[in-house]
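*Asks:* Since chain A is already given, all that's left is putting chain B on it; use the hints.
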Amino acid sequence: MLYTAAEYSKEITQTVYTWRPVAVVLFPLLAAFVTALLLRRHGRSASLFAVCASALTLLGVLSLYQPLQQGVLAYPFYRLMGVGLLFRVDYLGFIFALMISLAWFLAMLYALAAVEEEGQRRLYFPFSLITLGSCLGVVLTGDLLSLFLFFELMTFSSYVLVILRRDTESMVAGSFALYLGLAGGLVMLFGLLALYHVAGTVELAPLMEKIGDGTAGLPLIFACLFVGFGIKAVIVPLHLWIPRAYAAAPAAVNALSSGAMIKVGIYGILRLFFVILTPASLEAEHLFIFARSSAYPVLWLGLLTMVAGAIMALQQDNIMKLLAYSSVSQMGYIVTGIGAGAYLFGLEEAMGYGGAVLHALNHTLFKVAFIFIAGMIYYCCGELEMQKMGGLWKKMPLTGVLFLIFMLAIAGVPGFNGYLSKTLIHDALLEAYRHYGGLHLYLAEKVFVFAGALTLCYYLKFFQGVFGGAAPAQASWRRPPLLLYLPLLLLLPAVLLVGLQPHYAMEGLIIPSAKAFTFEPYSIKHITGFPFFSAASLEAAMVVLLLALFLYLPVVRLGLLTRPLPRWFSIEYLLFAPLARLAFVVLLRSGGALDRGVNRFYFALASRFLNLCSALSIFDNRVDCFYSSSGQRVRYLVESFRQVDDSLNEAYAATGKVARELAERTTNLDEALDNSYEQAGEFARRLAARSSELDEALDQGYEKAGLAARRLVDKGRGDAGETEAAEAAGRERKRGLLSGINPQEWNIRNLSFDSLLLAVMLGLVIFVLLFFARGLLNL
Amino acid sequence: MESLVYNFIPVWVVLFPLAMSVVIFWVSKFAERWRNGLSVATAVITFLSVAVLYPPMAAGEVIAYTIFDILPGLGLSVRVDILSFCLALISSLVWALVSIYSLDYMSHEHGTDRYYPIFIFVLGSCLGIFMAGDFFTLFVFFELMSLLSYVLVIHEETKEALRAGYKYLIMTIIGGLALFFAIVIVFELAGTVSLSAGTLVAVPGTMAFLAFISFLIGFGMKAGMFPLHVWLPDAHPVAPSPASALLSGIMLKTGAYGLLRVIYTVFDVSLVKEGHWDLLVLVLAVITILLGSAVALTQEDLKRRLAYSSVGQMGYVLMGMVLFTERALIGDIFHIFSHALMKSTLFLAAGAIIWKTGLRNINDLHGIGKKMPLTMGAFTLAALAMIGIPPLNGFLSKLNLGLGALEAGAPVYLFILLVSSLMNGLYYLPIIVAAFFGEEHPSDGIEQPEPEKMNEATAGMVIPLCLLALFCFIFGLMPGNIFFDLSRQAAAFLFTLGGLN
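If you're matching them up, the sequences are chains A and B in order.
Using our numbering, read the first sequence as starting at 4 and increasing by one per residue.
Using our numbering, read the second sequence as starting at 190 and increasing by one per residue.
Isolated chain B (complex conformation):
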């Protein structure tokens, strides 16, 4: 079924933003308008270029070729299959919208000449991860993305940000080293780290297990898996909101993507199953889910709450990939889509509120829904999707994950999902209720003069935000749900790869 087609779009998709970041850096010395315009144009063109790949991908084609070899079996190569396409599509889509949002959000910020080139460069390296044809290429882009996003994390350059950035950097480096270690072992065991070579490690052994653990550390670090999640709730809130949206919405997914590849192509699925390695991941995933949701409940800072919520949601993704039923995998991949849409909406909404009012604490957000109805409306929609209310996209992913858990004969995971949903409700709904129905400034007893005028952020911020929220609805209810179909195909593809059919 795999037909290999030479197609230079993947290389273009990766190199174009990388090259453009240099151009943007250069241009930013002369003209701010051109810099902004170029950034948005780059992101949009990248998205369109990715979208162009849809017909061959939907037809089940695989684009794979080596650009050049460093050593036999080790080189820079490109491979786009349906899974890569899914991730690349959602990433570039969210990136394009966030780039538009950034224009207004960053207009008052310092260091924008640094922000935009890196913003675009990270897009390129992120797509590089998804389109990498082997683990070596993947590793290169992985490190590029991880290290450069440090600049996005510490953008504010406050003491807090630098501290969080330091933590991020240290843990990222540890993760990168673990990943490198794993890649070296796999290369040693299999003689190649190509993604096109089918199952690479099929024989159990200490080295294989060591490689698995190292992969788990490397990618799990990025995916915010317990107990490697500790950088996430620090790093995501301190970044500027568009960057938080991308960090939480997209960059966490690179870890999930890597683990999907590791479990379904690097290792023989039966090896993972027989060694009960999946149990390890499941236990960690369950802890991640419950811990993320529980700690989110106790957070007062809006963005910090969102960041912990991301931890919990990534737990779903980790769980879905090791249940080894096709439906769970559909839910898993669809949840990657869903979470990208939902969480970027939430972060952008939080950003719009911070931008407009400077409020970050949840207790200060009373009555904000009257001032910023569109922003809070989008927030509400995304938050309800997060809880898993039909007919939003979060429900669809939860539905499939839950059914997958049942098919795997483990209703306990469905139970965990639902407990976490309840907790999601407990920490999202009070924000919404306070925003729309809460009394403004309940502490001081002085009657407010009831202006209740709409006071939204700029259109450049509200439109991308609302569009993302609308996607949460469209890709939950509407027929012809492209993302769901893609998830279905990708799940079937991975299942065939893993030899599970």
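With the rest of the complex left out, here is chain A:
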């Protein structure tokens, strides 16, 4: 997934698979843990162990040089981190690894004496070893993702180094560096992922064939990666963290920052321009266009960094801050070299490239020395402000001499190492002017010379302020231990060796590294055996020196450029503070407001809902009222109905009563009738009985009458008897009709046929009588 582009690179003749780069990176990391453990018990021996570890790391890096002759050293871990990690060493990586491990070894050696406080030692030794491992990791990996891993690790572990003193100033400086580093890392990640998306790989190899020159996002990718590395490489306007960090951190840390960590940024920019943005073959001329065109603004950015750094350095009174801005300015040289080199692709690219790499190496050598000197001054005087110092020449003559030597080196005096790299970069600028012409490139060269002159000016100011003049009255002073001189004395021969024998560095390191890239062979040949000490070059160096001496009086002594600029005129106040404020407003305020807004909205919604609910309950009440009122009505209605009903009922009841009464009455009547009938019956019966009695009596009467008649007939004979009998019969009848009736005789059984016949005959007689009498009566 990552290693596809290597085949395009023709110069990579052979890849040697070896674990050595891995060991070089991991050893300091492991040693850091051991140191941390040791520090709990044996402080002194732990720091010694840490120094030994850094020395071993330096040796380990040096041991890479031999196998590097055969080809690129590589060790891939295909499955680590999900995407693979690739360790790879080529000459460029080796140069930077050398620089880093050298600076580290010296700084840790220095720290043995300089970092005195126990709390600081406890943090310094383990964390500087971790940072060493991560810095080496950055330069010894073969793809941008692995590089990024170590890059971030470096950001975080170096934070601890910056805040070593843990006072307010260093905490602020540390936060500044940390967050800027974090932001830079993320910007870089953006560019990295975009590059991966476009090219399909993030291997450190010529990728322009894969990207294609027409890719729309290429400027963005380039800008992101450049900014990401640029923050570490302290390019103006991304340099803000370094003056603060320098002022707050001890020299043993600043040496690491200057000597190694900002070089990591430079390393990234070098890789970006000379590896990633190049095609794999020289024939693809059009694929150089992007690198060339993007190099031009970078060239000017480098010049701006040089001049701005130099001017800012002139204004500083704090020697550490002066050195910080000096580092900014020197990074400007390197970036100018890179810009000029990339601008000259296909022509003299190796010149700019070589100048930049050599200057990075040189800068490590002399800037580390300057920082050690500043640290030594702080150790002795406890002071960093130049106004409160002076006259140290008498107390520290050796330091003064060393300072002068390194000053000549950084000023570019022939015979010292700075001269070589500055000459190369200067010549690259001249070449650019020669090839492209134009006033702007002519001016660029002048700006370069001007900045070079200013460099000498502010170092002279430094020297004057610290070593010259008179010592202040109540200055405290203590002797520096010899151990503090040791790193300086080790650096001195290196500076002189590079300066006097340029071909060692050039042919041993820089030219082989250039050969790995897609450079015009002619341009490489041009810097091989480059005539550093030609008349033109010497003359240019002399111009710089003379200009510096000429400028020194007005600029420094009369304070033309040393007066601090107004606070508002800094890039911080013009650009970053408003940007930060804007981001704060846009993100934090709006985020918080939105969150509160949503919450409030919900509460409003809820209260609306509750309102709705209460409205509903009112409605509900109304409905209830309606129901209850209509209920009442209904009840009333029902009541009235009931009343009607009741009255009806009553009516019915009354009717009923009436009926009952009627019925009763009827019954009574009936009964009465019954009674009457009964009575009538009885009456009739009595009547019948009487009639039958009568009948019987009649019967008897008749019978008696018959008897009497017969007696009459018998007696027939006498009327006396007759009359008497008749009277008796009459009396008898009377008696029979009224009282002489025997009830037993009025029985139906006693009704004999004779009497019945008699009755019927009587009836017939009456009927006949009545029948004829009727006719008689009608008359």
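What the hints contain is simulated information worked out from the structure, not anything from laboratory work.
These figures come from a predicted structure and were not determined experimentally.
Honestly, I wouldn't trust all of these hints.
[Claimed, not checked] Chain A is faced by these chain B residues, among others (derived, beta-carbon under 7 Å):
hint, residue
1, P416
2, L460
3, G591
4, L607
5, L611
6, G614
7, F626
[To be verified] Examples of chain B residues toward chain A, derived with CB under 7 Å:
hint, residue
8, L486
9, L595
10, S610
We put the beta carbon where it would ideally sit given N, CA and C, even for glycine.
*Replies:* Below, chain B without anything else, positioned relative to chain A:
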């Protein structure tokens, strides 16, 4: 490729904790030790049972069957595919570790007889969500989990907790109803809500859109999506820390899981794309990310800051699922793993600090790193993972999400991710810096007598915590990253389901 295999482990995995919660409830009346032991044993056995499913899952098998039908096409069913397995694995893993942590953390708390049975029951219902074979089953377990976790939220029974719990409850119910509504619509449209039936809704229409919105509300509520996130920053901090870890680390993921299912299987992916429904989710996700990170910056309460951070992180997950590139989906699913590990570490660490010192406010945490180096070390590791520092797991998910955004032709989302990462840095790093390098009690000028003794929480709390933090590292850097491989497989699986290959 789908081979259906009858396998009763899924049913066991769901029913075992559910049944055990009853047992634990019963046991807790008699013996505290047995209750605690059983809780841990249940969680661990559940994790192991889930892990047993790894071989068939890695081989691409799908376990799916119906337990019984209520109506045709509507019933209780089980389905485990690679996606379910991913979620179930991480959930049960974190649950097992948190259960161990709970023992010591809850030892001084009241109401533990209520806590443990519910703790285990919620595990069962959570796994039920992931192993559900259809949306009806899912809904049942979803509601069970949501409602029962209310008890975990209000465990402290303070006024604040009850208030937050009330908010949680109301919003959960709304979400549940929305989900139910959506399920009903889908059932109406498709005649089934089974997850095994392939794409259910492929025809655009108002009803389909309504269903989508309702799903979005239902699951988005649980996932803490803007503007439905408001319960989250209230509910998560007030819960006891182990419960916060689970609420933030696992239970938020049920929402994400549901949305993954909705977008990739319920609806036709092309339908989602053509209707620009994905844009809706994307916009909400972006707002969620930025808002969560921004508001987290302003919080003073440690756990509240973590809760807002969860809002932001869930935004990543929401964003990843609608970028519709396989790599984004890998990052998305891996971020579910990562966030579960990172956030539970952070909450457990915060819990250990609260347990030991009673400090919740960030400004009081100066120098805590010296007293509790292991706890704060774990916190640091997880926080750096959160920011996305290589080689931790958060970086790997962010890397894939970012590349996915680029492949989708939308670098702006990568930009959003990185802005949010920066903000993550801005709110996590000060805590770490203050903890390790800050002066203790800077306000009172009295010199402290410098005891600086290690004063860690108990081993029962520190070990799970450190283990989780170690996982953040292992699953970021180490080769044979199981979670990453699973994410890759799950993403490929979903892509095939969505017909995007």
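*Asks:* The structure should be examined with respect to each hint, and the outcome stated for every one.
*Replies:* For each hint, the structure was consulted:
A least Cβ separation of about 5 Å between P416 of chain B and chain A falls short of the 7 Å threshold, and the interface hint therefore holds. Contact between L460 of chain B and chain A, as hinted, is not supported at the beta carbon level, the nearest pair being about 28 Å apart and thus beyond 7 Å. Interface hint at G591 of chain B: satisfied, since its Cβ lies 5 Å from the closest Cβ of chain A, which is below the 7 Å cut-off. Here the hint on L607 of chain B is kept, as its CB sits about 4 Å from the closest CB of chain A, short of 7 Å.
Look at L611 of chain B: its Cβ gets to within about 5 Å of chain A, closer than 7 Å, so that hint holds up. Hint status for G614 of chain B relative to chain A: holds, with the closest Cβ pair at about 5 Å, below 7 Å. The restraint placing F626 of chain B at the interface with chain A holds, with a minimum CB-CB distance near 6 Å, inside the 7 Å limit. Restraint check, L486 of chain B versus chain A: the minimum CB separation of about 6 Å is within 7 Å; hint holds.
The beta carbon of L595 of chain B comes within 4 Å of a beta carbon in chain A, closer than 7 Å, and the hint placing it at the interface holds. The closest approach between the C-beta of S610 of chain B and any C-beta of chain A is roughly 5 Å, which is under the 7 Å cut-off, so the hint is satisfied.
Of the numbered hints listed earlier, the single one contradicted by the structure is hint 2.
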